[in-house]
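Construct the entire structure; sequences and hints are all you get.
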Amino acid sequence: MDLKLQKIIPQLITVLVVVLVFGFFTYNAQINMENRGIDFGYGFLSQESSFDVQFSLIEYDGSHSYFRAYLVGLLNTILVSVIGIIIATILGVIVGVARLSPNYLINQFAAFYVEFFRNIPLLLQIFFWYFAALRALPLPQDADAMLGVFFLTIKGLYVPAFIWENLNVFLYSIIAAIIAIVVIRIHARKVQETQGKQLPVFWISVGLIFILPLLSFLIGGVSLSFEIPKLKQLAATSFKYEGGLSLPPELIALTLSLALYTATFIAECVRAGIQGVGKGQKEAAASIGLNPNQVLKLVVMPQALRIIIPPTTNQYLNLTKNSSLAAAIAYPDLVLVFAGTALMQTGKAIEIVSITMLTYLSLSISISILMNWYNKKIAIKEK
Amino acid sequence: MSKINFLKPDKENLNTFLYLGSFLFVISIIDVFLNSFFSLNITGFLPTSLSFLIPIILGFIGLHFIRIEHSGYKFLDQVNKNINTNNFNAILSLLIIFIIIKSIPPVLSWFVFDASFAGDSKDVCSGTGACWTYIKVWFRRFMYGMYPNAEQWRINLSFIALALLGSVGYFATEKFKKYLTLYYVVIYPFIAFLFIFFFISGGPIFFDFSYGIIAAVISIIIGFFIPGRFKFYYFIFVPITLYIALKYFIFYEELIELGKLDGLNWVETGAWGGLSLTFIISFFCLIFCFPIGMAFALGRRSDFPLIRYISIGFIEFWRGVPLITVLFMSAVMFPMFLPADFFIDKLVRCIIAISLFEAAYVAEVIRGGLQALPRGQYEAAKSLGMGYWRMHIFVILPQALKLVIPGIANTFLALVKDTPLIFVVGLLEIVGMLNLAKTNPEWLGFAMEGYVFAAIIFWIICYAMSKYSYNLEQKYKTER
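The listed protein sequences derive, respectively, from chains A and B. Just so we're aligned: 321 in our numbering is position 321 of the first sequence, and the numbers increase by one with no gaps anywhere. Just so we're aligned: 839 in our numbering is position 456 of the second sequence, and the numbers increase by one with no gaps anywhere.
A couple of the hints might just be wrong.
[Unchecked claim] In silico EDC-like links for lysine to aspartate or glutamate, alpha-carbon gap of 20 Å or less:
#1 A/Lys4 - B/Asp686
#2 A/Lys7 - B/Asp686
#3 B/Lys394 - B/Glu452
#4 B/Lys485 - B/Asp414
#5 B/Lys457 - B/Glu395
#6 A/Lys232 - A/Asp142
#7 A/Lys297 - A/Glu283
#8 B/Lys850 - A/Glu242
#9 A/Lys155 - A/Glu242
#10 B/Lys729 - B/Glu747
#11 B/Lys858 - B/Glu557
#12 B/Lys850 - A/Glu115
[As the list claims (entries may be wrong)] Cβ pair distances, simulated, as ranges:
#13 B/Phe500 - A/Leu305: 49 to 55 Å
#14 A/Ile178 - B/Glu452: 44 to 50 Å
#15 A/Phe24 - B/Val490: 38 to 44 Å
#16 A/Leu247 - B/Ile483: 30 to 36 Å
#17 B/Ile574 - A/Gln47: 18 to 24 Å
#18 B/Asn823 - A/Met301: 40 to 46 Å
Hint data in this document are derived by calculation from the structure and do not stem from the laboratory. We put the beta carbon where it would ideally sit given N, CA and C, even for glycine.
Below, the structure written as structure tokens:
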């Protein structure tokens, strides 16, 4: 047998097997759908959905289309993921740094936290917060105000709503501040490279990000007021809060458990990253006369981030995928709204499950492409 | 005695500072201790906010006084180095000590002192503590699901037998050591399958599946005698042919008769549940996902572009979607892809879905190990005249797998933690059973106890696994 044939035959066989399996599946699917009288197609997306969703970021009710319902689910998934990622990052960085603390009590405490939350299934944690911990909260009429404006009750968390006037001016001022900071940074780097002088970039940036939005309040006519939730009696024993924003308990339980669970993994990434920077690097930096702040900023962090960021992005992705567990406590995310309710109503199993999977898939693939690009950019260029 | 500067404790006045500092520190601890264990407030005469802050202030000053470098007392130096390096650390240490002291009494009283253990009805649970009676009454359901009480010895017996058979590796003598891999990879899973199939289910429900296993085992055994260059084609065609032959031509009737053990009732998989189902699913997924993952890891590094692309597609697909949608797919979409008269049991579909899902993760972990091996290993193996399979089986995989033990262990841990998700298809393992029990009208209001109980069980399992994998990692760590 010559070499070429030896290379082609195994590939051909594999492709043949794959094609046969897929062919078998499609053939069966066709027959099954014919028997049950279901036709294949995505036309249902524009039909009226006629089901309601408890919690939605955009305007939605039963008269909107299935596509709108899909968007509602997707936005709810993104909302949970973004809040969860922010909390998990803050907590994870704190715990990761705490694990490296020379203080025995602090690092044992951090280690305890990591070992404790990492080894309990996420679903169990979600159930615990939702069915056990949050159920122990007071009824609306018995709730104490936290800081006078937050109300944590069994029906959810009520927070004051922001009421803006001329919001766009405020946003423009923030954008202007960011652009100014970028320009100043570039200028400062140039100055440092040519003249060796260091400008106090950090303080200038802090000043800018505060002063410009402040100016927008004073001159630009922006004003901000709060709408504080108020207790209202519906019936003799039934109370509810009106006004302000209300976060449903499902959202709280889900973000809390996702953040607590993912933070343990992020903490481990952070710890590995900081430990991964050699001791010699810090000593070398100190020996050329950098102060501790500069050592951290210019030597340790850039190298540690290179180790920390890729696995942490992976954890963000995991968090986003894990947010699909929302279905277990009836938080209306993509899986519950679309792959649950919409599927029950239309019976279009193949279309709906494939759309749901593709959504998650495109989310992960786009992030991993971004990650690969970033990895290539920051990789140490070895000769 | 020289001048004392209270802002800068020094060695000159060591004893003064030491007595004063430890006195203040002990006072602050005693204050918190009395407050939390005996609800006595010895600083009650002060305003509330001050009385609340006083232990921290006292403790902080105390720790400040005893922060003396090179004091000559070993214990003091240890304390300073570990919990008292600077003011910030001192405050954090104090806070942690206080939190621990504060949280011990409520936790202990909930878990033990105020909890109810006796009796077997809800009436005994009137205290403020946990109601362990609830766990006691529902214990069998949490362990075995809806499996009939009278038949539960079958599950126990199978698990004990499998645990004993699994521990053979520890007692094997040098002479038998070389057969251990064969035993664990081929024979042990087969025995485990037979146990679960004949004993726990007690009926011919998995039948198609068992043909597959028999065909695979027979073909692997024959495979040892097939010359190397035909092995690839052999393993592609023969198992499938054997499977079809077994199913349609040879022993069909006889095997069904063989499948029914006398005196054992058939228990359908819908009734399985509880912790035993967690074990069964984790066990089977673990067995299946490993070889599939290995195959795709090799496929992804293969020289054949088509095989490589197919492997990449497979891995990235499963890694990109959440498990819950995979289970949804196995529940609602997969039956559409099969012939109408072809029925696969819910549990089997679940196991297939989880195995494929975890296999993608295992594949990535193993690929990491394969990539970490230096090129020299491949080249050395090739220069000895080894072919692809020989090179991988004897040179590459043993080294690569050693490297990825922690990664594999993490994936298996994730697998165990993912099993509760099978509630999507209606199977109830321990967490699912908890949710069912919690809605029972006679036992409302004990959700907390149930979740704590399950959390403890899962924590012990996962923690033990991660420690074991750490030990394995240390044991197989080879210097290079």
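Notebook entry, point to check: Hint numbers the structure violates, sorted upward?
Noted result: 8, 10, 15, 17 and 18
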